[in-house]
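Read top to bottom, the protein sequences are chains H and E.
Counting in the working numbering, the first sequence runs from 1 upward without gaps.
Counting in the working numbering, the second sequence runs from 1 upward without gaps.
Keep in mind that the hints were calculated from the coordinates and are not lab data.
Among the hints, erroneous ones may be present.
Partial list, derived from the structure: chain H residues whose beta carbon lies under 10 Å from chain E [stated by the list, open to error]:
#	residue
1	Q15
2	A16
3	N20
4	Q35
5	G82
6	Y113
7	K133
8	P136
This structure is a prediction, so every number in the text was calculated from the model and none was measured.
For glycine and all other residues, C-beta sits at the position ideal for the given N, C-alpha and C.
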Amino acid sequence: MSAGIPPLSGLPKPQAKALNCPKCGAAITLHSFGQAVTVVCGSCHTILDAKDPKLAILQQFEATTHEVKPLIPLGTRGKLAGTDYEAIGFQRRSTKVDGIAYCWHEYVLFNPYKGTRYLSEYNGHWNDISICKTLPTAEFDGAATANYLGETYKHFQSADASTDFVLGEFPWQVRVGEQAAVTDYVHPPRVLSSEKLDKEVTWSIGEYMYGREIWDAFKLPGAPPEAMGVYENQPSPVAINVTGIWVAFAAFTVFLLALMAGFDMHAKKEPVLHETFQLNRADARGEASFVTDVFELTGHAATVEVKTSAPVDNHWIYLNYALINQDTGQAWDFGREVSYYHGYDSDGSWSEGKQTDAVVIPSVPPGHYYLRIEPEADPLLPGLLYSVEVTHDVPVFGIYGIAFVALLVPAVIISFRAYTFERSRWSESDHPPMELSNMSSSSGDSE
Amino acid sequence: MTQVVANCPNCGAKIVFRWSSSVQTVCDFCKSILVRTDVDLKKVGQVADLPPDSSPIQINTEGKYGNKAFVVVGRILYEYDQGGWNEWHIMMNDGASAWLSDAQNEYALSLASKAPNLPAAAQVHVGQQFTWSEQRYIVSVITPAHYRGVEGELPFQYWDKTDVTFVDLRTEARKFATLDYSDPEPALYLGEFVEFDDLKLKNLRSFEGW
Numbered sequence: 001m002s003a004g005i006p007p008l009s010g011l012p013k014p015q016a017k018a019l020n021c022p023k024c025g026a027a028i029t030l031h032s033f034g035q036a037v038t039v040v041c042g043s044c045h046t047i048l049d050a051k052d053p054k055l056a057i058l059q060q061f062e063a064t065t066h067e068v069k070p071l072i073p074l075g076t077r078g079k080l081a082g083t084d085y086e087a088i089g090f091q092r093r094s095t096k097v098d099g100i101a102y103c104w105h106e107y108v109l110f111n112p113y114k115g116t117r118y119l120s121e122y123n124g125h126w127n128d129i130s131i132c133k134t135l136p137t138a139e140f141d142g143a144a145t146a147n148y149l150g151e152t153y154k155h156f157q158s159a160d161a162s163t164d165f166v167l168g169e170f171p172w173q174v175r176v177g178e179q180a181a182v183t184d185y186v187h188p189p190r191v192l193s194s195e196k197l198d199k200e201v202t203w204s205i206g207e208y209m210y211g212r213e214i215w216d217a218f219k220l221p222g223a224p225p226e227a228m229g230v231y232e233n234q235p236s237p238v239a240i241n242v243t244g245i246w247v248a249f250a251a252f253t254v255f256l257l258a259l260m261a262g263f264d265m266h267a268k269k270e271p272v273l274h275e276t277f278q279l280n281r282a283d284a285r286g287e288a289s290f291v292t293d294v295f296e297l298t299g300h301a302a303t304v305e306v307k308t309s310a311p312v313d314n315h316w317i318y319l320n321y322a323l324i325n326q327d328t329g330q331a332w333d334f335g336r337e338v339s340y341y342h343g344y345d346s347d348g349s350w351s352e353g354k355q356t357d358a359v360v361i362p363s364v365p366p367g368h369y370y371l372r373i374e375p376e377a378d379p380l381l382p383g384l385l386y387s388v389e390v391t392h393d394v395p396v397f398g399i400y401g402i403a404f405v406a407l408l409v410p411a412v413i414i415s416f417r418a419y420t421f422e423r424s425r426w427s428e429s430d431h432p433p434m435e436l437s438n439m440s441s442s443s444g445d446s447e
Numbered sequence: 001m002t003q004v005v006a007n008c009p010n011c012g013a014k015i016v017f018r019w020s021s022s023v024q025t026v027c028d029f030c031k032s033i034l035v036r037t038d039v040d041l042k043k044v045g046q047v048a049d050l051p052p053d054s055s056p057i058q059i060n061t062e063g064k065y066g067n068k069a070f071v072v073v074g075r076i077l078y079e080y081d082q083g084g085w086n087e088w089h090i091m092m093n094d095g096a097s098a099w100l101s102d103a104q105n106e107y108a109l110s111l112a113s114k115a116p117n118l119p120a121a122a123q124v125h126v127g128q129q130f131t132w133s134e135q136r137y138i139v140s141v142i143t144p145a146h147y148r149g150v151e152g153e154l155p156f157q158y159w160d161k162t163d164v165t166f167v168d169l170r171t172e173a174r175k176f177a178t179l180d181y182s183d184p185e186p187a188l189y190l191g192e193f194v195e196f197d198d199l200k201l202k203n204l205r206s207f208e209g210w
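Pulled out of the complex, with its shape left as it was, chain H reads as follows (with noise of 0.2 Å):
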């Protein structure tokens, strides 16, 4: 400023302010330069005025002895989103459901800058709340959503909040036994709060944290109580949009599709041999082989498929074969079983087997190949005529069974995750899912 403004006389620096309490006179020191309204004294529990210089008393409220401390002492500084806050107060609030009473601590944070911030804490689970600054809309008090900045966040729970037990600075009138009716709408990892006190509605918004993080944030020694069971708003572990697994498996499948169709127009299927051969009851006892004619396989190295037919009829006939290359000698031993069983029993009709069989052998280099056959049959079969085709480059498709099996499992693994956590988070809602209110209402099931 230019050298013609009269010298400021300057404010003078605020200061925490040491008081005394009227009651016991033990020493309370004000940390948020005149912002707190409330301040309770750590010694014998009065909630003291503190916009009054005489601190008048405003009430006094039974401690018991066995009263948690808070985690984080209050008078602890810790950075929260880049922003150094001091704890300067803590509250204890219940609420009763289905007559079960419900614990939680509230720790009031300030900055002298950046004004009052909040952290709740319920069984290691943690949330850093501030007092929201739009209007969220709900059409009225717990319904279904409610709406903040574009994004919508479901019912989750109303009910009524009571302070227990106060420490500390407060912003506000604070009183123990005062009730408030809290709701809570969330869009994991957010949670949003109404809280209705007379007349005046309040709106907030939280964001889960874990007690790791605010462990570090206030470099608190040890380590924080672990957390039990999932919270309202509490990150799902299973981090990935689980419809988004499922679009990118559909993907996958089509894509798998698309190239079983292409392999298999380009798959040539190529006739090289179809003979009838007859099975006499002699051969079958003197386990006679033969061979089949020769058939070229032209090309490139491809599959050969082996399929033989015979019209058995609660018989069987096994066949050994040998796919034989007349240039090298090289030779492919596999053997066939042709089997076909049915009847009647207590339970119905039943059949079991077919009178066909098919095998591929894959990468057969091209080249002249014949089959020796030595066929083996029921005893009690009489004789039949049986069939050997042979085609040359048929596809296969097993390989793209397994590639739809291994990319279905990690879906349905991800997704039952994702369900069993959602699960475990709507039963402690208003809304608990279904087969769950049943199950507790007759069996008194619980986790």
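Using the hints provided, position chain E relative to the given structure of chain H.
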């Protein structure tokens, strides 16, 4: 910008107006409340000592709102049963005047606005809706407050007040409105909530230990 310079009629100290349209100022030395007339300054009252206050903003704090720079030139301090708040009078670098309010570190910037048929204080109730400049506002809280003092330059005469009523209106966006019943005619202010960091404030007060 040409600065208007005059002398305090009470103590003779030099009075500099940083904002050419200022109507009232407070002498930094003798705390006289001075009102500009056509020719000179007239002393209309005396400011009682302001109570200790915890706003990080002070006269001469500089900041930015959007692409405009501003400097704090004056303030009005109010109190209500849950605490106090400051309405800091700011001068934008385009010569416009605006208000930066600090209510327990909740910051908002607003401008005096005109709208026809503003309701009388007695006609307003919580939940009532108004539409100004195509924006719907909902009455969120009605605060009876009392005037605690002034400092620096103001765009109007404002002193010797007692109880005043403020009606706060919110929207589903960051915008808000205030109906000010300090004078017989209601005054409307339209503005929006702002983030401390976005204001890029300089020349702030410092706090012991922070």
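Results for each hint:
The restraint placing Q15 of chain H at the interface with chain E holds, with a minimum CB-CB distance near 4 Å, inside the 10 Å limit. With 10 Å as the threshold, the beta carbon of A16 of chain H comes within range of chain E, its nearest partner Cβ sitting at about 6 Å, so the hint holds. Below 10 Å, beta-carbon pairs count as interface contacts, and N20 of chain H has none with chain E, the closest being about 19 Å; its hint is therefore violated. Residue-level restraint check for Q35 of chain H holds (minimum Cβ-Cβ distance to chain E is 5 Å; threshold 10 Å).
Checking G82 of chain H against chain E by beta carbon gives a least distance of about 9 Å; that is within 10 Å, so the hint holds. At a threshold of 10 Å, the smallest CB-CB gap from Y113 of chain H to chain E is about 5 Å, leaving the interface hint in force. Against a cut-off of 10 Å between C-beta atoms, the interface hint on K133 of chain H holds, since the closest Cβ of chain E lies about 4 Å away. Nearest Cβ of chain E to the Cβ of P136 of chain H: about 8 Å, under the 10 Å cut. The hint holds.
Hint 3 from the earlier list is the only one contradicted by this structure; the remaining hints agree with it.
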